[in-house]
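Protein chains: 2
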Amino acid sequence: MNKHPLRQQIEEIVKLTDDEFDFVLQHFRKKSFKKHQIILHEGDYAQFDFFVVKGLMRVTKLDFDGKEHILQFGMENWWITDAEAFHNKTKSTLIVDCLENTETLSLSLESKEKLSRELPKMQTFFLKKTTNGYIALQKRILCFLSSNANDRYHNLLTLYPGLIQRVPKAMIASYLGVTRETLSRLSKIKA
Amino acid sequence: MNKHPLRQQIEEIVKLTDDEFDFVLQHFRKKSFKKHQIILHEGDYAQFDFFVVKGLMRVTKLDFDGKEHILQFGMENWWITDAEAFHNKTKSTLIVDCLENTETLSLSLESKEKLSRELPKMQTFFLKKTTNGYIALQKRILCFLSSNANDRYHNLLTLYPGLIQRVPKAMIASYLGVTRETLSRLSKIKA
Chain A
1 MNKHPLRQQI
11 EEIVKLTDDE
21 FDFVLQHFRK
31 KSFKKHQIIL
41 HEGDYAQFDF
51 FVVKGLMRVT
61 KLDFDGKEHI
71 LQFGMENWWI
81 TDAEAFHNKT
91 KSTLIVDCLE
101 NTETLSLSLE
111 SKEKLSRELP
121 KMQTFFLKKT
131 TNGYIALQKR
141 ILCFLSSNAN
151 DRYHNLLTLY
161 PGLIQRVPKA
171 MIASYLGVTR
181 ETLSRLSKIK
191 A
Chain B
1 MNKHPLRQQI
11 EEIVKLTDDE
21 FDFVLQHFRK
31 KSFKKHQIIL
41 HEGDYAQFDF
51 FVVKGLMRVT
61 KLDFDGKEHI
71 LQFGMENWWI
81 TDAEAFHNKT
91 KSTLIVDCLE
101 NTETLSLSLE
111 SKEKLSRELP
121 KMQTFFLKKT
131 TNGYIALQKR
141 ILCFLSSNAN
151 DRYHNLLTLY
161 PGLIQRVPKA
171 MIASYLGVTR
181 ETLSRLSKIK
191 A
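Chains as they are written, first to last, in full-length UniProt numbering: chain A, 1 to 191; chain B, 1 to 191.
Heads up, some of the hints might be wrong.
Which copy? The list can't say, so a pair holds if one copy fits it or any two copies do.
Below 30 Å or equal to it, Euclidean Cα-Cα: the simulated DSS-like pairs (lysine-lysine) are [unchecked claim]:
{"no.": "1", "residue 1": "K91", "residue 2": "K129"}
{"no.": "2", "residue 1": "K35", "residue 2": "K169"}
{"no.": "3", "residue 1": "K169", "residue 2": "K3"}
{"no.": "4", "residue 1": "K188", "residue 2": "K169"}
Calculated directly from the structure, the hints in this document are not laboratory data.
Since this is a predicted model, take the numbers as computed values, not measurements.
Construct all of the structure, not just a fragment, from the sequences and the given hints.
Here is the structure:
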């Protein structure tokens with residue numbers, strides 16, 4: 001029998017007994033969404049962090065001119081939310097929507113904190129995942145500082161293998177902060 | 001008596017007894033460095049995460065052309081290291097050096113993990129600090145995506161109050177990924 005994808009991800013960091021994983025899973029709620037559905041609107045409270053079981057979501061920022069910037073994609077086995085609004089219980093400044101029909105496991109902040117308290121190895125898991133996310137963002141910033149769009153493009157291919165076949169080119173360009181023309185040039189350069 | 005700055009920072013997130021803080025402090029080693037001293041060279045292992053008690057450090061990336069990009073500053077009450085090399089026990093791709101004489105408390109990964117295991121509220125502290133760092137990096141990326149150098153400049157003023165008086169303008173420009181001329185223009189615009 002295949003291991004549950006959430007259990008598989010947790011067990012890359014800490015081992016769980018069957019009972020412990022059952023306990024973990026009790027803190028999540030299954031939520032399914034349709035393609036194009038908006039899961040979190042700007043100005044709403046971000047009640048959940050979503051673990052993507054199947055499908056594809058994204059986090060977007062609309063700037064003052066109405067231009068859309070893609071902060072993050074979330075496909076299978078990724079966690080996705082407005083991190084600031086979720087953790088600080090503030091109103092969201094970002095938008096979360098679905099690019100495909102998507103199945104998730106959703107975790108509230110209260111459940112995350114309860115899990116962390118009652119099963120400290122889950123806190124070890126959350127700390128390791130957050131640290132990895134922090135390191136990935138540092139790399140993305142270094143690519144911006146060196147103004148190297150080619151590095152950014154290849155980082156994206158490494159970070160999200162398979163993504164490029166699933167989303168329109170305009171969204172990849174938005175994530176990279178480049179024009180469609182630059183993206184087209186980048187996709188012809190070998191790493 | 002003034003509270004120890006490390007204790008003050010921890011207690012913004014979790015409360016500690018005197019005995020617990022003594023236990024925490026036993027895991028740190030005092031290390032002092034001179035202005036211009038390089039604490040971590042590219043290619044070295046990052047043995048420590050540094051809590052800055054007094055002074056000013058920075059993390060830099062040298063690109064292939066020898067151009068210097070500043071990823072992070074660390075002044076009083078900041079944590080600073082090559083996060084990837086430190087957490088993954090890999091060779092550093094970044095450089096950490098001192099812009100002023102600097103006093104730190106240094107923590108090894110082994111000590112961080114031991115503290116997290118033996119005093120779970122310290123893991124809660126590390127998780128909250130890392131989450132806050134993750135959120136700050138997301139904001140910096142959004143400023144890059146919207147290509148808004150003015151936002152980046154004002155984010156820097158908020159993130160590091162007082163920094164701008166302590167470092168050369170060229171370093172501020174390097175952190176923001178702008179030219180000296182652009183920085184000069186930005187510093188004349190009111191927020």
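Against the structure, the hints come out as follows:
1. Within a single copy, K91 and K129 get their C-alpha atoms as close as 24 Å, and across copies as close as 20 Å, so both meet the 30 Å cut-off.
2. In this assembly of identical chains, the alpha carbons of K35 and K169 lie at most 30 Å apart only when taken from the same copy (18 Å versus 48 Å across copies).
3. In this homomeric assembly, K169 and K3 never come within 30 Å of each other (Cα to Cα): the closest approach is 34 Å inside a single copy and 54 Å across copies.
4. For the identical chains of this complex, K188 and K169 are intra-copy neighbours only, at 13 Å inside a copy versus 38 Å across copies, given an alpha-carbon limit of 30 Å.
Hint check: a violation occurs at hint 3 only; the rest are consistent with the structure.
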